[in-house]
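Chemist: Here the protein sequences line up with chains A and B, keeping their order.
Note that the numbering used here has the first sequence beginning at 525, numbered continuously upward.
Note that the numbering used here has the second sequence beginning at 723, numbered continuously upward.
Mixed in with the good hints there might be a few duds.
What the hints assert, rightly or not - Dumping the calculated SDA-like pairs for lysine to any residue here, alpha-carbon to alpha-carbon at most 25 Å: (1) B/LYS866 / A/ALA645; (2) B/LYS804 / B/PRO780; (3) B/LYS801 / B/THR766; (4) B/LYS866 / A/GLN644; (5) B/LYS804 / B/GLY782; (6) B/LYS866 / A/TYR642; (7) B/LYS804 / B/HIS819; (8) B/LYS866 / B/GLU770; (9) B/LYS801 / B/GLU826.
Just so you know, these hints were derived from the structure itself, not from any lab.
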Amino acid sequence: MTSPLQADTFNIPGKPGEYFAPSGTVNFLTGGEQVDLHKSDLDPISALALEATELAAPMHLVTQSEKLDGSRIEFGEAILEAATHIESQAVTVVNEVAPVMDSVMIAKLSAIIFALRYAQAHSDSVESRRG
Amino acid sequence: MNSALKKALTMLIGDDVSTKNLLRMPKNPTPRPFQQMTERELLTLESEIGAQIFGPIPVGVRREFFCLDDHTWIWHEEKLDKKNPESNTIRYEINEHGVLKVQEGARYNYLEGEEFNNFAVAVRMYYEQVARRVYQRDPATGTKLA
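For reference, chain A alone in the conformation it holds in the complex (with noise of 0.2 Å):
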């Protein structure tokens, strides 16, 4: 190995609590068709999803529990197909033995990076369709 750490092992410099702030909140729905965008403590990628029906969707206003329409709010609803599309994994990790909580923190976090490079790469276009 070429590198002083033994990358391969993932050894990290540091303390991880200096690092890094774990969200750890990260609620995702059983139906993966309705999301409770008026929580007071948002999740992130209930946050994004929120954020994406808002671009997509200007001046409506999202009701508790309000099922998500494809064809009206496709951009929020591609971030909501990330995430539970994960959800559906995440689930079956909870009904598994250890490591159990550690995966689903990596599974969660790797679905909020790949929503947020998707919202990324495809806001100017949903910002562009709005006019």
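Model the placement of chain B on the given structure of chain A, informed by the hints.
Modeler: Relative to chain A, chain B alone:
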């Protein structure tokens, strides 16, 4: 310029505009108003940050570490030495049983113990830094940073 092309251009735009200047490509093109980065370009940016998580990259070494999609992570490191090339690529697949480490030579094993914890920390650090530096998001809340 081909005379037929020049004639056609003159017919289209008139003879008071220099066709030479018209066809010249700007050296520093201005950004397009709706220019955006593709997912692949964003991935490259993420990987540059991901590679730094593990400390300084030695001279003559190329390193990549990135989240490929919502269930796959890639580690790649190679020596940029034409005489003695070495490379190592590892794929990490998140599935219902944990994190499967897939190496060259059909070697598979699930991460466990310290290796699993270190991978989890790497993912968290990657998320923290990429959210802030690439997507300008607060990693704890997902809200846009000012």
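Chemist: Tell me, in ascending order, the numbers of any earlier hints that this structure violates.
Modeler: Failing hint: just 7.
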